[in-house]
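*Asks:* One letter stands for each residue in the lines below.
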Amino acid sequence: MKEFTDVEFMICQAARLLEDNKTVFVGWGMPQVVALLAERLYTPNITQVFEFGAIGPQSRTPFLRGTMGGPQNTYRSLQWCSMGLAFSYAQVGYIDYGMLGAAQIDKYGNINSTMIGDDYERPKVRFPGSGGGNEVASYCWKTIIVMNHEKRRFVERCDFITSPGHVIDGKTREEYGLPKGTGPWRVVTSKAMFDFDEDTKVMRLIAVREGLSVDDVVSDMGFEPVIADDIQVLEPPTDEELRILREEIDPYGLVIKK
Amino acid sequence: MEVLDRGDAEFHFVDPDDFREYVRDRKNRNWEDKLMDESEAVKKFVSDGDYLAYDFSSLTRGPQSLIREIIRQRKKYLWICAKFTLLESVLLAGAGCIDKIDVGFLGFGPYIARKVQNGEVKVYDWSNGSITYRLIAGAMGVPFIPARDLLGTDTFKKSGAMAVKDPFTGKPVALLPALNPDVAIIHVQEADIYGNARVYGPTVATLETAMASKKVIISAERIVETIEFRKEPNMTIIPYYLVDAVVHAPFGAYPGGTQGYYEMDSEHYLMLSSIREEEDMQRYLEEYIYSVDSHEEFLEKRVGMKKLKELIKKAQILEGYR
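Chains as they are written, first to last, in my numbering: chain P, 1 to 258; chain E, 259 to 580.
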């Protein structure tokens, strides 16, 4: 078995989650590489949707970071449209999956990509903000969040809620007016995979990376997740997945070597 | 309508009737030649204190030659609308042109991060979708648009949005205030001398931004005959009567790229995004913007034909983009 990085591990786990003949709203960076890998290996008929207004492109590889709206990523789209329309496809219910990264996440799947600290005006760390993450998390039927597993990122409540999870400050997302039946669906980390408990909507551990224990995962979190009765093992990346990632999709290592 | 919650941030707002009157009285429907250079267009149509919107991104089809001209003319107190912004906000902040940024995605390099921390530039958080829907409301001539963006988030609390009880369903819904910028700057692949314009590739909010704005400056890689639009009217993104000025600007998106024409200059971009210190920023502005008189001089003396040819050659994916 080849050696692989945490990022490669997460990309492969997330790519295996998508279903063929569905639509996926793809966020910037790692989600783009996940979608490319899935399309190459598992879901050839998936329709990628980008906030720039590229619908169903057959994006060229190798992947180039930073040019999401450029010809590389929008090549042979089915439709070029506006951002308002791209988000409206999601708002009206056409987009099955959303895929996002996060700086911080809380036990209900609320996402922070805005700032760290308790003073919004004088943050300790300032991130770029929502981008289109709010819309992806608000409207897609099933949102997949891909992020590094570190204690400081898994918190009781996010310092700033940029994008909504299942329960926000004691109220359900539906009570805030968000569409019924949507929300975070899976959280893929460098150590584990989570879904959300049906009753409490708290993040639930369902699988751990091969070689790790449940304790290894939970001790690295700032809140207590629900633990599923039957914990699966996350199989490592296959040689085929790694070859396609390294040779065809990201030979420059822009994402996978981070 | 019952107001359930409201964000506490300041926001730019224009009464739709005031905007309509502006359109009636000040937008010219004459078929007249609007071709002018950057310097004249910015002098005529960008004023200190304006709320300024631009279309597309720092990396692709952004109006960078117009941004540099705004800096060259040392405009002040601008409030910019940035769905996503990387180098524009950094340069405009470095040059002291902006006070405020409405932001969806702010590529926070170390330089602008400090400007924000120091309070020299104020950031208002929205999201790409909510800013775009605000422009759509501005383009529809209505005071707000109902949507479900921002609901249940801290972004909502730090925005100018409102949540109300929808009179139809009885469920909560967000009201996003319309956005009518004073001026829009938009780079396109092709325009005619009257301002008809089209783009190849996704459009982000090209038409909405132009329609919602009081003044519109278009820069174009190519100036084409009007008959080109009449041959393929479904490709016309912006009709001439929205437009105040047309600037012929080959490489107008440099150091970003324009689909079908040239790729972004990654080296220049990396050099710019690695700037941390004030004196390095001022040196950059002096060398690349203040010390040249025009976009042409910038291309000739600071970029050079060798680099430009290289970037044209790198744009290998042409199919569908021109």
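Derived by calculation from the structure, the hints in this document are not laboratory data.
Worth double-checking, as some hints may not be accurate.
In silico EDC-like pairs for lysine to aspartate or glutamate, Cα to Cα no more than 20 Å straight-line [claimed, not checked]:
1. E:Lys472 with E:Asp263
2. E:Lys358 with P:Asp169
3. P:Lys22 with P:Asp6
4. E:Lys415 with P:Glu224
5. E:Lys415 with P:Asp118
6. E:Lys429 with P:Glu174
7. P:Lys171 with E:Glu260
8. E:Lys415 with P:Glu235
9. E:Lys429 with P:Asp169
10. E:Lys415 with P:Glu121
11. P:Lys2 with P:Glu235
12. P:Lys201 with P:Glu235
13. E:Lys380 with P:Asp215
14. P:Lys201 with P:Glu156
15. E:Lys423 with P:Glu121
16. P:Lys124 with E:Asp440
17. P:Lys171 with E:Glu378
18. P:Lys171 with E:Asp308
19. E:Lys358 with P:Glu224
20. E:Lys380 with P:Glu121
21. E:Lys472 with E:Asp308
22. E:Lys423 with E:Asp266
23. P:Lys142 with P:Asp199
24. E:Lys429 with P:Glu175
25. E:Lys423 with P:Glu235
26. P:Lys180 with E:Glu486
27. E:Lys380 with P:Glu175
28. E:Lys415 with P:Asp199
29. E:Lys415 with P:Glu247
*Asks:* For every hint, state whether the structure bears it out.
*Replies:* Okay, the hints, checked on the actual structure:
1. For the proposed pair E:Lys472 and E:Asp263, the alpha carbon gap of about 31 Å is over 20 Å, so the pair is violated.
2. In summary, the hint linking E:Lys358 to P:Asp169 is not supported, as the alpha carbons are separated by about 30 Å, beyond the 20 Å threshold.
3. For the hint linking P:Lys22 to P:Asp6, the alpha-carbon distance of about 27 Å lies beyond 20 Å, and the restraint is violated.
4. For the given pair, E:Lys415 sits about 28 Å from P:Glu224 by alpha-carbon distance, which is inconsistent with the 20 Å threshold.
5. The straight-line distance between the Cα atoms of E:Lys415 and P:Asp118 is roughly 14 Å, inside the 20 Å bound, and the hint therefore holds.
6. For the given pair, E:Lys429 sits about 9 Å from P:Glu174 by alpha-carbon distance, which is consistent with the 20 Å threshold.
7. Between P:Lys171 and E:Glu260 the alpha-carbon distance is near 19 Å, which keeps this suggested pair within the 20 Å criterion.
8. Using a Cα cut-off of 20 Å, the hinted pair E:Lys415 and P:Glu235 is violated, with the two alpha carbons roughly 42 Å apart.
9. Proposed proximity of E:Lys429 and P:Asp169 is supported: the alpha carbons are some 18 Å apart, at most 20 Å.
10. Distance check on the hinted pair: E:Lys415 and P:Glu121 sit about 13 Å apart at the alpha-carbon level, within 20 Å; holds.
11. A C-alpha spacing of about 13 Å is found between P:Lys2 and P:Glu235, which places the hinted pair at or below 20 Å, so the restraint holds.
12. Taking the CA atoms of P:Lys201 and P:Glu235, the gap is near 26 Å; set against the 20 Å cutoff, the hint is violated.
13. For the given pair, E:Lys380 sits about 44 Å from P:Asp215 by alpha-carbon distance, which is inconsistent with the 20 Å threshold.
14. For a cut-off of 20 Å, the pair hint linking P:Lys201 to P:Glu156 stands: about 14 Å separates their Cα positions.
15. The suggested pairing of E:Lys423 with P:Glu121 is violated, with an alpha-carbon distance near 30 Å, which exceeds 20 Å.
16. Annotation: proposed proximity of P:Lys124 to E:Asp440 is violated, straight-line Cα distance about 34 Å (limit 20 Å).
17. A hinted pair counts as satisfied when its Cα atoms are at most 20 Å apart, and P:Lys171 with E:Glu378 does not qualify at roughly 37 Å.
18. Restraint check for P:Lys171 and E:Asp308: the C-alpha separation of about 40 Å exceeds 20 Å, so the hint is violated.
19. For a cut-off of 20 Å, the pair hint linking E:Lys358 to P:Glu224 is broken: about 40 Å separates their Cα positions.
20. Between E:Lys380 and P:Glu121 the alpha-carbon distance is near 9 Å, which keeps this suggested pair within the 20 Å criterion.
21. For a cut-off of 20 Å, the pair hint linking E:Lys472 to E:Asp308 stands: about 11 Å separates their Cα positions.
22. Of the pairs offered as hints, the one joining E:Lys423 and E:Asp266 holds, with about 19 Å between alpha carbons and a cut-off of 20 Å not exceeded.
23. Between P:Lys142 and P:Asp199 the alpha-carbon distance is near 17 Å, which keeps this suggested pair within the 20 Å criterion.
24. A hinted pair counts as satisfied when its Cα atoms are at most 20 Å apart, and E:Lys429 with P:Glu175 qualifies at roughly 8 Å.
25. Between E:Lys423 and P:Glu235 the alpha-carbon distance is near 47 Å, which puts this suggested pair outside the 20 Å criterion.
26. For the suggested pair P:Lys180 and E:Glu486, the alpha carbons sit about 47 Å apart, so the restraint of at most 20 Å is broken.
27. This hinted pair does not check out: E:Lys380 and P:Glu175 have alpha carbons roughly 32 Å apart, beyond 20 Å.
28. Between E:Lys415 and P:Asp199, the direct Cα distance comes to roughly 28 Å. Violation of the 20 Å bound is thereby established for this hinted pair.
29. Restraint check: the Cα-Cα separation between E:Lys415 and P:Glu247 comes to about 45 Å, which exceeds 20 Å; the hinted pair is violated.
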